[in-house]
Amino acid sequence: MKAVRKFFDTIKPHVQKGAKFHWLHSTYDAFETFAFVPNTTSKTGSHIHDVIDLKRTMTVVIVALLPALFFGIYNVGYHHYLSEGTAAANGFFDMFLFGAIKVLPIVIVSYVVGLGVEFLFAQLRGHQVNEGFLVSAMLIPLVMPPDVPLWMVAISTVFAVIFGKEVFGGTGMNILNPALTARAFLFFAYPSHISGDLVWIAEKADAYSGATPLALAASGTPQTHSIAEMFIGLIPGSIGETSVIAIGLGAILLLVTGIASWRIMSSAIIGGLTMGLLLNIFATTTNPFMEVPFWQHLIMGGFAFGVVFMATDPVSGSHTQTGKWIYGFLIGFLAILIRVLNPAYPEGVMLAILLMNVFAPLIDYYVVQSNVKRRLKYTKHTV
Amino acid sequence: MSKVIKIRKGLNIPLLGEASRKILKAPHPDTVAIKPPDYKGLTLKLNVKAEQYVNVGTALLFDKSNPQILITSPVSGIVKSINRGERRKITEVIIESDGKNTQEEFEGINRSSLTPDLIIEHLLKTGLWVNITQRPFGIVADPKRKPRAIFVSCFDSSPLAPDLSYILEQDKKSFVHGLEIIRQLTTGKVHLGIDANKPELFESITGVEKHYFSGPHPAGNVGVQIHHISPIGKGDMVWTLRVQDIQNIGRYFTTSKLDFERLIAITGSEVLEPIYVKTVVGTSFTPILKGNVTTDKKLRYISGNPLTGTHEMTSGYLGYNHDQITVIPEGDEYEFVGWAMPRFKKFSASNTYFSWMFPKRKYIADANMHGDPRAFVVTGEYEKYLPMDILPVFLLKSIITNDIDQMEQLGIYELIEEDLALCEYVCTSKTEVQKILREGIDVMITELK
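As you go down the protein sequences, you meet chains A and B in turn.
Positions 838 to 1220 (my numbering) are the ones given, in order, by the first sequence.
Positions 2 to 450 (my numbering) are the ones given, in order, by the second sequence.
It is possible that part of the hints are untrue.
Claimed, not checked - Listed next, the in silico EDC-like pairs over lysine to aspartate or glutamate satisfying Cα-Cα at most 16 Å (straight line):
{"no.": "1", "chain 1": "A", "residue 1": "K1214", "chain 2": "B", "residue 2": "D390"}
{"no.": "2", "chain 1": "A", "residue 1": "K880", "chain 2": "B", "residue 2": "D333"}
{"no.": "3", "chain 1": "A", "residue 1": "K1210", "chain 2": "B", "residue 2": "D406"}
{"no.": "4", "chain 1": "A", "residue 1": "K1210", "chain 2": "B", "residue 2": "D390"}
{"no.": "5", "chain 1": "A", "residue 1": "K880", "chain 2": "B", "residue 2": "E331"}
{"no.": "6", "chain 1": "A", "residue 1": "K843", "chain 2": "B", "residue 2": "D118"}
{"no.": "7", "chain 1": "A", "residue 1": "K880", "chain 2": "B", "residue 2": "D373"}
{"no.": "8", "chain 1": "A", "residue 1": "K1214", "chain 2": "B", "residue 2": "E409"}
To be verified - Derived Cβ-Cβ restraints for the label pairs, each shown as a range:
{"no.": "9", "chain 1": "B", "residue 1": "F337", "chain 2": "A", "residue 2": "I1089", "range": "44 to 54 Å"}
{"no.": "10", "chain 1": "B", "residue 1": "G208", "chain 2": "A", "residue 2": "I1012", "range": "49 to 59 Å"}
{"no.": "11", "chain 1": "A", "residue 1": "K1214", "chain 2": "B", "residue 2": "E448", "range": "18 to 28 Å"}
{"no.": "12", "chain 1": "A", "residue 1": "K1214", "chain 2": "B", "residue 2": "Y54", "range": "51 to 61 Å"}
{"no.": "13", "chain 1": "B", "residue 1": "M342", "chain 2": "A", "residue 2": "V1093", "range": "14 to 24 Å"}
{"no.": "14", "chain 1": "A", "residue 1": "F844", "chain 2": "B", "residue 2": "H312", "range": "24 to 34 Å"}
{"no.": "15", "chain 1": "A", "residue 1": "A840", "chain 2": "B", "residue 2": "E440", "range": "41 to 51 Å"}
Source of the hints: derived by calculation from the structure; they are not laboratory data.
What you are looking at is a predicted structure, and each value in this text was computed from that prediction instead of being measured.
By construction, the Cβ of each residue, glycine as well, lies at the ideal position given by its N, Cα and C atoms.
Pulled out of the complex, with its shape left as it was, chain A reads as follows (with noise of 0.2 Å):
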């Protein structure tokens, strides 16, 4: 620990302000303040403060994804054994190796890739790197399917965050949520590659159908996994997004630490069951999907995990207390409707959260509004 101290010790005289590499000081910032939490103490207001810091809150957000990232890896491998009918003679080791050789390296490129592009930009503007790209990095390999080529995860990556995050301005400015930008360029620029029933199961067996619940469900088929299995996680699908209790675990550290707004959260299940429900009153022959139990939409495809870890992000979604739970609300409204009702898409939570995150400054807007009319109100005195 001494001796870390002393390695930065030596470089900081070098990257201070008149010193020649000064202009390299956003990235010694970024790796100092990695090891060592400064030394700096209060200089204005407040002589105390709470021990929380965003990269203790990151922190928190990245070990909730966990139980997601190695289920999701664990599964990519359990089916691609089940596609070629060898799943009984694979112990749990195999699959879990053969899917972290598939998931391992779009995590490393998406982490890669995407803090080069953020040191980059913290570097040309001479900010401080910020935390938040550590949660997109981690999120951006959840939600793409598991054969999805690295190249375009890179590029997808790059994107989001250019154009998802550095152009409004860097984190906390941000209007969509990064990782579902990255999902959505890759949803309308390889189409083929994140849709349809080849792509959800890694080197998939020709023979095998590899279709979703959700795409059987928008055809009217018979569903070949059992509300169990849903439940679980082991159906096909994007890496992360399957296993309602890897979900579900994550969800519990996010509320018991504060983390994330039950706001949101109960109110975009609320909003998923309401649609589904409605659905169900007025199902018609011709749209099966219609027909689907209102509860089921909860646990197909992506909706746990977009309510979950993707809904919840502070900085695009609402602000304002009320507003999260309109916001929350018509999240899962929206994600059902455009899901069933949608022939392009069997999946709408993706949109539907990043629709919202364009609406949601006008859904503060005016619960500001609201607050400043009662308070008008109620200050006004007659002297």
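Start from chain A and add chain B according to the hints.
Quick look at chain B alone, frame taken from chain A:
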């Protein structure tokens, strides 16, 4: 007891070093200081020269735009030095006390013929006027304007704060007298904010409106109490006073003698014996803290409480509006991957650490920032610690963008720094909330001139 106003949002930061209920008479300080930056809203000019002899009550400074407003000396002795800071602004007037407390001669008080105008005249002449704070903005009151009402918070809920009812008990008579005097200064009501758990002391007090509050800090902040009793709007103006200032006013109007005595709490984890001390306004820290603080680490001396107090040197002075001295570790050390550590011995209001599992434990808090400043990322954080119908982040953003209409609409009239201090404490992004708010208030003051 009438209805209790329950404050639900807020936080009592569990710190070590609360003062025990024991009073020590401190030795008379060798020096005292008057610190002009403490007097918000005034531009102070010197009325004395260095080496001049002053009595208790001699005017040391006066306000440039309102020359009747005087700052008077709390002790008798010699003006030792006048310290100036940036752009030659006066930062301290230091007086070497002779320990005799010779009084400046004032006209006698005829209690039966006191009119509001006469009271104001007395308060201005004696320098007791500056104890009256005006809301909005938390500045020294303007003697030419009449307030809609007067508010007094009778308990302090800040971390390690002195128990005001204990201080009140010591001289309740002066408090009651003081209330009778200030009651005449408004055609409106005098509101007392009382701790719902300790109402007994106030049962006998009449002629005022009593409001009972329960819940965590900032329930004791007068701003929060005003918000729940009768919030401040545009064009509105009320006054606030502190308990000990009312006692001082009461003493003057009963005895015709100026007395700047103050009972203060010596608190903080680095104080060996946290205790109450009887001393005077502006006292030097030295005689009070000598031999009563730890010596094994670098310390931070604070006049006031750790959330809103001012940073002082070892040989600092008590601010005129403070009744507390706090000593905590400076904490200017690097912490190896601190953000990833369990930090069992540190308190966090968030559940990302483990202090929420030990609700009874008390903690040492140092002055370290515990992180680098960042852009606003986390939302809904401040809202949990501000028990007012105000959107703090939107207000702060309107200040940063200098949007005066928005500041007004979002409630800047209702707030001063102490009301947002908890938001600053819990902030993940380490935003300088109190500084930003004061900048906004300063903009509003110039705008309304």
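Hints the structure violates: just list their numbers, smallest first. 6 and 9
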